[in-house]
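Chain residues, written in single-letter form:
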Amino acid sequence: MAQQLRPSKPADKQPKIDWSRRQEAENFAETVKLFRQGKIDHDMFRRYRLQHGAYGTRMTDDYAMVRIKVPAGQIYPYQLEKIAQLSEMYSIGSAHFSTRENIQLHWVILEDVSEIMQSLADVGMTSREACGNTVRNVMCSPMSGVCKDEIFDATPYALAIAKFMLRNPICQGLPRKFKFNFTCCEKHGMIRIVDVGLLPQIQEIDGEKRKGFKIFLGGGLGNRSFVGHQLEDFTPVEDLLYTSMAVIRIFDRMGDRKNLSRNRMRYLVDQLGWEKFQNLVLKERAIVKATQSVIVKLNIDDSVNEIQRPISVTDESTSIPDGYARWQKTNVEKQSQSGFNSVFIGLEAGDITANQLRSVADIIRDYSAEGFARNGFSQNIVIRYVHDDDLTSLYSKLLETGLAKSGSLTMASAVGCSGTTSCNLALTNSHRLAKEVQRKFLELNFDEDDDLRDSTVKISGCPNSCGQHQIATIGFYGGGGRHETNMFPNYTMSLGGKFDEDATLGHHTARVPVKRIIPVILKIIELFKENKQPDDTLAKWIDRVVKGNESSKITSVEDIKKAIAPIIVPPKIEDEPDFYMDYGSDTNYHTVTGKGECAA
Amino acid sequence: MCCMIDSDIPIINSKILREKLQENSIRIVDVRRDQEYQQGHITNAVNLPLAKLLADDSPEAIQKIAQDLGISDETPAVIYDDTFGALSSRVVWALQYIGHKDVKLLDVTFSQWKELGYEISTEVPEIETATHSVKINSEIMATAEYLEKVKENENVVIIDNRERLNYLEQHIPGAINIPYRTLATDGKILRTKEGMKTLLKNRGISEDAEIITYCGSVGTLSGLAYYALKSIGIPNVKLYVHSFKEWKSLEKPIDKQENANYWDLSAE
Ligand code: HEM
Ligand code: SF4
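Chains A and B, in that order, are what the protein sequence lines are. When we follow my numbering, the leftmost residue of the first sequence carries the number 1, and every step to the right adds one. When we follow my numbering, the leftmost residue of the second sequence carries the number 601, and every step to the right adds one.
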């Protein structure tokens with residue numbers, strides 16, 4: 001076959017910020033050695049390891065999970081290629097895209113972590129302060145800059161905050177981890193469930209239009225979850241840094257350092273009461289401003305990204321590939337820039353192989369007019385600035401590499417934390433369960449059902465909420481159940497969680513055995529279909545049910561409980577042995593956990 | 601020195617090989633399948649499909665193969681494949697096992713050679729058969745029996761070169777895991793000497809250790825590790841040629857990473 005001539009590719013775009021510091025890799029190698037020789041004690045080493053972005057792994061001291069930070073989610077093709085290589089060399093040949101725009105490599109031998117850090121430095125990336133009691137990866141909506149509802153692009157501010165905080169002495173030993181989320185609009189970001197959430201605003205002050213933010217403080221998910229409070233009507237961008245510093249200083253000073261389970265900032269807010277906390281922040285901000293000996297400023301790089309459509313790679317074959325319409329409907333968002341689209345690549349619970357990462361890198365080069373991609377919020381990848389005319393061709397490329405799953409923007413793309421695949425605290429295999437749910441939903445074409453589109457399914461493997469189950473329309477967290485003398489994986493289901501302007505945490509509804517989760521979800525959807533209003537969506541209907549505002553046959557959570565009760569009765573073990581096994585396991589379930597280190 | 605290839609450099613740089621192509625005194629061996637070889641190979645290379653070697657790798661069979669390929673005790677040989685050096689490493693090991701001294705890997709794969717624009721040809725060179733002796737180099741061979749005997753020794757390091765998930769699922773007790781991919785670097789089938797040394801140092805593997813490598817079944821992935829270690833001057837490296845497949849079939853003890861569903865993290 002004749003080789004198709006292609007214009008040579010433009011040189012890769014380079015990121016504007018180098019996050020790495022090479023010396024840290026060597027230090028890490030040295031420190032691991034000292035630890036192995038017993039010259040550093042376990043606790044001290046753990047703190048050090050977490051500070052550098054390496055978590056422990058389930059049931060072993062030999063392996064680590066390396067969390068690579070991707071500030072504001074901006075990721076470049078050659079960085080993806082490097083991660084592909086690292087996953088094959090030091091991990092399991094797949095990488096994981098997390099819900100906080102990090103990329104994680106699992107089951108890495110502790111002694112190899114420094115080599116990963118070296119290689120990350122080659123491409124300007126870091127894992128520093130990805131874990132530990134620090135400012136974690138600063139997130140920004142994947143739609144920032146292209147969202148139809150946004151007031152201005154928050155990305156440069158997110159990057160500037162990330163840069164200011166990284167390795168900054170003011171946040172190296174906080175009482176607990178600390179998270180910033182920037183968004184474009186209410187719908188696309190998760191600003192009310194983090195320590196600091198920021199929504200762009202413009203206000204006219206003295207006839208002059210000024211940029212600023214609505215800032216939400218003290219939200220967060222966990223064993224106890226809270227929705228953030230708005231600090232003030234409007235915070236001008238000039239005050240962004242001062243406000244952030246003020247909040248961090250107060251948290252640093254007053255946060256609970258003793259009680260591990262109550263040391264996130266939200267507990268401090270809860271304990272003081274919002275008004276008091278709010279006052280403290282405003283006062284502290286005034287002091288921060290007034291007592292600066294040197295002017296500290298955020299380094300905002302407002303320069304416009306170059307948008308240049310790569311030379312068209314569309315081949316002659318004009319036929320539209322099978323499945324295109326479905327994929328397009330459920331994975332593509334139109335941008336505010338006419339003619340351009342953002343393409344959401346759905347992964348199964350965030351997992352992607354090394355070869356797929358390489359294909360994604362090529363696809364970004366060939367199709368994205370901005371030359372890089374964004375990590376999404378739901379374990380996915382977003383390729384933006386794809387021209388209308390290139391969508392079918394891009395879809396074919398995704399088909400070739402096995403990444404053309406539909407439903408990325410719908411309920412079908414279930415989120416699942418690591419669970420027993422690698423996490424020390426896990427009680428259940430939430431990761432595999434999310435994959436099973438997604439496969440079932442796609443098989444049933446749920447992604448194409450508009451009624452279900454704005455709903456979500458999110459799953460955690462224990463009450464710690466890494467899978468963000470409390471903000472899901474239908475959320476689950478893992479635990480163990482017992483029938484007679486036998487244990488089985490048993491999830492707690494919550495309904496009606498939301499993270500938009502009236503953010504609500506899901507309502508605990510029932511405990512559902514793992515092998516009944518899919519039937520229970522199907523039952524709820526069936527009830528909804530029977531009782532819905534003409535223009536209803538599942539999310540709206542569940543919201544009404546949970547709040548007692550629904551007037552059909554199902555008026556409350558109690559009614560849902562009644563309807564699913566027959567499904568969740570445990571069978572005798574002789575009748576259904578599979579019921580007593582978790583997904584991915586062929587032996588009877590029992591709970592095993594190691595020493596957790598979520599605090600550090 | 602008899603040959604044109606500096607025998608201190610363990611791996612042949614493609615540029616140097618290219619300069620030597622016309623000199624008929626080195627034997628270049630292509631270990632891909634016959635059909636692939638026929639469609640084009642490095643100029644002057646002869647073909648030894650790996651399957652042929654694996655079908656019978658008794659010393660006598662290896663001797664015959666060498667002789668048929670025109671490799672005498674004195675002939676410098678260079679081996680290449682189109683994967684990442686694993687297949688050719690296994691051939692290198694076999695030749696060394698019958699006592700051949702001057703045999704090396706090419707530092708790039710056939711595809712990379714082509715991409716570099718270097719000479720390829722479809723012509724099959726005439727082979728004059730040669731005489732090769734058999735002086736078994738038992739130093740570089742490990743059997744299951746041997747492995748079992750020495751595996752507890754303090755100075756012995758067993759390296760499993762399979763991918764991480766396979767290793768987690770089951771491995772020889774006490775073995776450590778260095779997936780074969782770890783041995784390579786951008787565009788070259790092996791790391792630099794320095795890179796290799798750093799890896800060993802980080803893992804706490806002494807260069808004086810007796811190292812035994814193994815992989816899934818026929819000693820290819822571990823052959824690459826064997827070669828990589830030899831090439832940086834580690835004196836005592838052995839290949840457990842029949843590897844984990846045999847170990848399992850002999851029902852020897854196996855270790856496993858328990859209580860974790862790591863397979864479910866893979867997107868394969
Ligand atoms: C008490 C302990 C822990 C708590 C309270 C906790 C809390 C959380 C929360 C709330 C998130 C959601 C992300 C967000 O803020 O939007 C998260 C994410 C995450 N956490 Fe934890 N965590 C804990 C321990 C751990 C441990 C031990 C691990 C495993 C090493 C872990 C792994 C993760 C991962 C992988 C994510 C990203 C989720 C994803 O896969 O997309 N967490 N954590
Ligand atoms: S929710 Fe629990 S199981 Fe899941 S990652 Fe967090 S700590 Fe682990």
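Hints are computed from structural coordinates only; laboratory data are not their basis. Treat the hints with care, as some may be off.
Unchecked claim - Lysine-lysine pairs mimicking DSS-like chemistry, simulated, CA-CA at most 30 angstroms apart:
(1) B:Lys848 / A:Lys39
(2) A:Lys334 / A:Lys211
(3) A:Lys33 / B:Lys751
(4) A:Lys39 / B:Lys714
(5) A:Lys547 / B:Lys797
(6) B:Lys856 / A:Lys33
(7) A:Lys13 / B:Lys714
(8) A:Lys397 / B:Lys793
(9) B:Lys788 / A:Lys39
(10) B:Lys856 / A:Lys515
(11) A:Lys515 / B:Lys714
(12) A:Lys13 / B:Lys801
(13) A:Lys547 / A:Lys561
(14) A:Lys397 / B:Lys714
(15) B:Lys830 / A:Lys572
(16) A:Lys276 / A:Lys16
(17) B:Lys714 / A:Lys33
Claimed, not checked - Using C-beta positions, here's what the derived DEER-type ranges look like:
(18) B:Glu754 / A:Leu260: 37 to 45 angstroms
(19) B:Pro853 / A:Gln172: 57 to 65 angstroms
(20) A:Asn299 / B:Gln770: 28 to 36 angstroms
(21) B:Glu794 / A:Leu34: 19 to 27 angstroms
(22) B:Glu739 / A:Arg21: 38 to 46 angstroms
(23) A:Asn27 / B:Lys652: 49 to 57 angstroms
(24) B:Lys852 / A:Asp18: 45 to 53 angstroms
Stated by the list, open to error - If we take Cβ atoms under 7 angstroms as the criterion, some of the chain B residues that face chain A in the derived model are:
(25) Ala661
(26) Gln663
(27) Asn737
Bear in mind the structure is a predicted one, so any value in this text is a computation, not a measurement. Glycine residues also receive a C-beta, built at the ideal position from the N, C-alpha and C atoms.
So, going through the hints one by one against the coordinates:
no.	hint	in the structure
1	B:Lys848 / A:Lys39	violated, 39 angstroms
2	A:Lys334 / A:Lys211	holds, 25 angstroms
3	A:Lys33 / B:Lys751	holds, 24 angstroms
4	A:Lys39 / B:Lys714	violated, 52 angstroms
5	A:Lys547 / B:Lys797	violated, 64 angstroms
6	B:Lys856 / A:Lys33	holds, 25 angstroms
7	A:Lys13 / B:Lys714	holds, 28 angstroms
8	A:Lys397 / B:Lys793	violated, 38 angstroms
9	B:Lys788 / A:Lys39	violated, 38 angstroms
10	B:Lys856 / A:Lys515	holds, 27 angstroms
11	A:Lys515 / B:Lys714	violated, 53 angstroms
12	A:Lys13 / B:Lys801	violated, 36 angstroms
13	A:Lys547 / A:Lys561	holds, 15 angstroms
14	A:Lys397 / B:Lys714	holds, 26 angstroms
15	B:Lys830 / A:Lys572	violated, 59 angstroms
16	A:Lys276 / A:Lys16	violated, 40 angstroms
17	B:Lys714 / A:Lys33	violated, 43 angstroms
18	B:Glu754 / A:Leu260: 37 to 45 angstroms	holds, 40 angstroms
19	B:Pro853 / A:Gln172: 57 to 65 angstroms	violated, 46 angstroms
20	A:Asn299 / B:Gln770: 28 to 36 angstroms	violated, 52 angstroms
21	B:Glu794 / A:Leu34: 19 to 27 angstroms	holds, 23 angstroms
22	B:Glu739 / A:Arg21: 38 to 46 angstroms	holds, 44 angstroms
23	A:Asn27 / B:Lys652: 49 to 57 angstroms	holds, 50 angstroms
24	B:Lys852 / A:Asp18: 45 to 53 angstroms	holds, 50 angstroms
25	Ala661	violated, 34 angstroms
26	Gln663	violated, 37 angstroms
27	Asn737	violated, 30 angstroms
Taken one by one, the earlier hints fail for this structure at numbers 1, 4, 5, 8, 9, 11, 12, 15, 16, 17, 19, 20, 25, 26 and 27, listed in ascending order.
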